[in-house]
Each structure stands twice: as structure tokens, then as C-alpha cells.
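S.K.: Chains F and R, in that order, are what the protein sequence lines are.
First residue of the first sequence: 1, per this note's numbering; consecutive thereafter.
First residue of the second sequence: 1, per this note's numbering; consecutive thereafter.
Warning: the hint list may mix true and false statements.
Said to hold, decoys possible - To give an idea of the chain R side of the interface with chain F (calculated C-beta under 8 Å), a few residues: (1) 142; (2) 145; (3) 267; (4) 270; (5) 272; (6) 294; (7) 301; (8) 302; (9) 305; (10) 307.
To be verified - Listing some non-contacts, in silico: residues in chain R with all C-beta distances to chain F over 12 Å: (11) 60; (12) 75; (13) 88; (14) 189; (15) 240; (16) 297.
Since the hints were derived computationally from the structure, they do not count as laboratory data.
Glycine is no exception: its CB is placed at the ideal position from the N, C-alpha and C atoms.
Here is how the chains run, residue by residue.
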Amino acid sequence: MAHVAEASAPEDAAAEPRVGALGRIMRALRLPRGDFFATTGLIIYAVFLITALLADVIRPHDPLEILFSDDGQLLANAPPSLTYPLGTTNLGRDIFSQLVVGTRAALIVGVTAAIVVAAIGTLIGLISGFFGGWIDNGLMRLADVALGIPFLPFTIVLSSFIGASTWTIVMAIALLLWPNTARVIRSQVLTVRERAFVEAARVSGSSPWRILFVHVAPNILPLTFLYGSIAIGWAILTEASISFLGFGPSDVVSWGYMLQDAYGSQALSRGSFNWFVPPGVCIVLVVVAGFFVSRGYEELLFPKLKD
Amino acid sequence: MKSVLSRFAQMLFVLWVVATILFLMFRLMPGDPTAAYIDTTFTEEQQQQLRAAFGLDQPLWKQYFIFIANAAQGEFGESFHHRKPVIDLLMEVLPNTLVLTLSSIIVAYIFGVLVGSWLAWNRGTRAEAIVVPTVLTLRAAPEFWLGMVLLATFGFGLGWFPSGGANSAGAAYGSEWSRIFSSDFLHHLFLPALTLALYLQGLPLLLMRSNMLDVMQEDFVMMARMKGLPEWVIVLKHAARNALLPVMTAFAIGIGQSIGANVVVETVFSWPGLGRLLVASVAASDYPVAQGAFLLIAAVLVLMNFIADLLYSVLDPRVSHGARR
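Given the sequences, and given the hints that come with them, work out the whole structure.
M.R.: Take a look at the structure:
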């Protein structure tokens with residue numbers, strides 16, 4: 001789960017002419033419309049968001065309802081048809097409905113975890129880079145420790161001790177995945193800190209915290225969004241892995257739950273590709289969308305890469 | 001040399017903190033703290049012995065020191081289910097995990113480096129427009145799902161590969177080495193290793209590609225061009241060597257992270273490795289094994305992070321100590 005590729009973010013984002021704090025935020029949110037990848041990513045996000053919001057309208061059946069045919073037979077392992085677009089599970093549950101409802105779980109985990117990770121990473125990166133000295137040292141050693149804890153095993157142990165829930169997974173992600181964001185933001189702060197407008201603010205008597213949040217933070221905000229959009233994918237992959245291993249929340253229908261159900265019910269040896277392929281494809285699509293959007297951001301932030 | 005020593009000290013520090021966190025986590029779990037070591041089915045005599053060995057009748061801070069001292073010596077207690085010392089169980093499965101991790105990561109990195117350099121040389125071509133999104137897609141796929149699709153297709157569907165495990169049932173081998181080099185083992189290894197390699201190749205490929213693009217703009221590459229050296233000499237001798245540095249660091253970190261992340265692939269293929277042992281022991285509340293497996297995985301991770309850190313400063317003298325990682 002290394003972010004080695006991202007860790008070497010070019011440093012010239014700070015070299016752009018200064019814009020007001022609000023202007024910076026607006027610019028960070030404005031996505032490159034011309035970029036094919038970014039547009040594709042955003043469209044994928046939009047489709048899943050709409051699906052999640054309208055899940056109860058779109059799903060033809062209750063995802064856990066056990067279905068029977070007209071003559072009272074259990075509809076186990078039914079092949080895809082018009083009434084059951086992706087067929088049914090071995091217990092006669094509609095796969096398409098599970099897939100639709102699973103979108104909700106994926107987006108909740110993905111978005112919450114991304115916000116938490118980006119917020120913690122940004123805050124620590126800002127403080128560490130801005131104040132330096134023993135604060136910086138302490139926080140970076142903390143980052144070393146977080147990177148020294150194996151992520152999936154930690155999440156498994158945590159889930160089994162404090163209870164399997166969406167929040168446990170979000171918590172594990174928040175506890176261990178902030179260092180990547182924090183390190184990049186810290187190095188960005190180190191360069192922003194030396195710029196003339198920061199010096200000007202200092203001379204004019206602004207307090208350090210004011211300088212940090214009013215003058216420095218807006219300049220690194222785009223990086224926060226960049227890392228946030230990557231974190232959405234990580235969170236969804238993690239939720240799927242944990243649920244697949246059987247440590248996920250048992251009352252939530254998610255794509256990971258579907259895959260575990262399929263694996264545990266011999267769908268592989270039966271060749272029920274209609275059961276275990278769709279949830280995986282959905283995960284791939286959401287995660288790829290995150291990659292594509294972050295790529296779009298990167299080109300916006302670091303135009304050097306574009307040539 | 002001084003910086004190597006201080007980095008080593010830092011590594012030990014991280015390892016100690018991780019062990020401490022682990023100790024606290026296992027005291028967090030529901031029930032009696034002695035549950036981490038003593039199962040109710042142990043005989044009275046066994047229980048007494050374990051209590052003394054791990055100081056479970058002592059106050060918490062003493063238990064902590066005993067835990068750290070024991071862990072440093074690889075002493076993790078006795079498994080509840082296998083009735084064997086934890087360290088023996090760990091050593092039984094460790095070779096399987098190491099073979100799986102190393103074979104897949106080496107294949108992935110060789111492939112990634114070669115294809116990445118090739119892509120850098122063919123920037124803007126149609127090949128790039130196909131390969132880059134494909135690589136991103138493979139990186140976005142959950143490893144275990146990739147494994148499930150491969151297993152259903154080539155294992156169950158076509159019957160080319162066995163459905164799981166590391167060796168066929170009933171096979172006996174003279175030594176660990178003859179087991180690992182038996183064709184039966186390699187036959188079992190293929191699908192899980194392929195799954196991991198497919199997932200892992202993306203990082204070196206993309207890293208190598210972007211590094212090559214950077215390096216190719218450097219003066220010494222221009223110089224080599226002006227000297228009229230053949231293209232392949234420029235690529236291999238001048239550009240690739242320099243672009244390779246960050247890939248080496250990623251390789252070291254990748255080994256450390258894979259050992260822990262293999263958990264899911266080992267589960268899909270019922271591969272008897274460290275990750276699967278961890279999952280099984282957590283699910284079965286076999287706490288001593290869970291603790292030991294966790295600490296071993298963490299130790300490998302921390303060690304590889306340390307090696308990556310060293311590599312970075314040794315291979316690239318421009319990096320001054322502590323300036324960047």
C-alpha cells in the first residue's frame with residue numbers, strides 16, 4: 001500500500017502566483033474539464049453516487065430476501081434473466097439488488113475514511129512542517145511507528161477485539177494511513193514557509209496559528225484533495241478485504257460481503273461468474289475513478305508533468 | 001556509519017513501540033487478561049507454568065517487561081489449538097510465505113522495470129494509451145478478487161491448477177528444501193504468485209516510467225546522445241541505472257508490506273502461510289499465535305523499511321541524512 005510514487009510530488013505548486021484563500025480553494029475544486037481521465041473518473045463517481053442515493057428505488061428485490069419461483073421452488077443459483085439481471089445466490093437472493101445496495105456501504109466507508117485521513121494527514125503535516133524542531137521530530141517518529149504496523153493484520157485484530165463495524169474500519173484507516181499524506185504536506189509546507197508572503201505576515205505581527213491556517217494552509221489544500229481522492233479507493237479496498245476475511249460488519253450488505261458469501265458458498269467451483277465478478281468490477285471502477293481524478297488533479301497542480 | 005547506527009536505533013525504537021501497542025491491544029480484548037495465554041481447557045499444572053512464565057499473576061507493568069523480554073527471544077507461549085509452542089508454528093509456515101512473497105515480487109519488479117522503461121521510451125504512442133490504464137486497473141483490483149477469478153478460471157474451470165494448499169495431501173518430503181523445490185509445490189505456487197505479481201507490478205512499472213522520463217531530460221543523457229552512443233546503450237547504461245534507485249527502495253518496502261497484505265491471497269488459495277495463520281488464529285481466539293504472527297509480520301515490515309531507508313542513502317549520495325525519505 002505504498003504511496004512511493006506520490007511521495008515525490010514536485011515542489012513547484014507553491015511557485016504559482018499568489019491567489020486569495022478562497023480563490024485557491026475554488027481552483028482546487030475546479031477540475032480539468034479537458035482531461036479525458038479526470039472526466040471519466042468524475043462520471044464514474046457520479047453514477048455510483050446516484051446509485052447509492054437511489055438504491056432503494058433501483059433495487060428490484062430486498063437484497064437478503066429469499067426468492068421462490070412461481071411454483072414454490074427455491075430460486076437457488078438462478079442464471080441471469082430479465083427479472084434477476086445477475087441471477088441469484090445459492091440461497092436464492094437477488095445478486096443485482098445486493099450489488100446496488102452495496103454501493104452505499106462502499107461510498108460511506110470510502111468518503112468517511114478519505115475525509116478523516118486527509119484531515120489528520122493535513123493537520124499533522126502542517127504542524128510538523130511549520131513548527132519544526134521537537135514537534136516535527138516527534139510527529140515524524142509517530143509516522144514511522146504507524147508505517148511499522150502491518151495494516152491488514154492490525155485491522156483484523158482491531159475488528160475482532162472492539163467489534164466489527166464500518167467505524168472500526170474507518171478508525172483503522174485513520175490510525176495507520178495518515179503518514180503518507182502528512183509527509184508530502186510537510187515537505188510542501190517547508191517550502192511555503194519560506195515564501196515572501198509568509199514573512200510579510202510574520203513581520204506584520206500575525207500569530208503563528210493565524211499564519212499557519214490563513215496563509216500557509218490554503219496553499220497546500222489542493223494536495224489534501226489529491227490524497228483524499230486516492231484514500232477513497234484504499235478505504236473501499238480495505239473494507240472489501242476485511243469483509244472478505246470475515247471480520248466485517250455482518251449486518252451490512254457490501255461488495256466485500258458478497259465476495260465472501262460467494263467464496264464461502266463454493267461459487268468458484270460452480271463457476272458462478274455472474275455472482276463474484278460484478279462486485280469486483282464495481283470495486284475496480286470506484287478505485288480507478290479515484291486514480292483518474294487524482295491524475296487530473298496532479299496535472300492541474302503540477303503542470304510540469306504535462307509536457 | 002554514525003547515521004547507520006542511528007537509523008538502526010530508530011528501527012529498534014519503532015519495533016519496541018509496535019510491540020507495546022500489541023501488548024496493550026491484547027489487554028483490550030474482552031474478558032480476563034490471562035485469556036491471552038491461558039485457555040480454560042489447559043490443565044491446572046499447565047496453567048501454573050504459563051502464569052509463571054508470562055508473569056500473569058504479577059501487576060500489569062511487570063507483565064509488560066516480561067512480555068517484551070519474551071518477545072525479544074521469540075517466546076510467545078503455547079498455542080491453544082495446536083498445543084505446540086507458537087514459535088514452532090510460525091517457523092513451519094514462514095518458508096511458505098517467504099517463497100510466495102519473494103517469487104511474486106521479484107517477477108513483478110523485473111517485469112515492471114522492463115515494461116516501464118520501454119514505455120518511457122515510447123512516450124505518447126498507442127502502446128502507452130493501452131498499457132497505462134490497464135496497469136492502473138490491475139492496481140485497483142482487490143488482490144483476493146483477482147485470485148478468485150484466476151482460481152475459478154484456471155483452477156476449477158480448466159483444471160490446470162490445484163484449488164488450494166501448498167502441497168498435495170499425503171505427499172512426504174525428506175527436507176524442507178526438497179519440498180519447496182518439488183514440482184508439486186511449484187504447481188500449487190503458480191496461481192497465488194501470479195495473482196500477487198499482477199497486483200504488484202503496477203508500482204515499479206509506473207515508478208520506472210516516470211523516473212526514466214525525468215532522467216532522460218538530464219544533461220548526462222544528452223551528453224551520451226551527443227557522443228553518438230547507440231540508443232540501447234543510453235537506455236541501459238545511463239538512464240536505467242539512475243532511474244532504478246527509487247524502484248529499489250520501493251522493492252524493499254514492498255516486501256515488508258506484502259508479508260502482511262498477503263493475508264487475503266493466502267486465504268483465497270488456502271496457502272498455509274503466516275497471514276492465513278494470523279486470520280485463523282484471530283478467528284479461533286488462539287491469542288498466543290495471533291500475537292506471535294502479528295509481531296513477526298511487523299518485524300519483517302519494520303526491518304524492510306529500515307533497509308529501504310539505508311538503500312536510499314547508500315545508493316543516492318545526494319540524499320543527506322534525514323533530509324528526505
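S.K.: For each hint given before, does the structure comply? Return the numbers of the non-compliant ones in rising order.
M.R.: Hint check: 4, 5, 10 and 16 fail, others pass.
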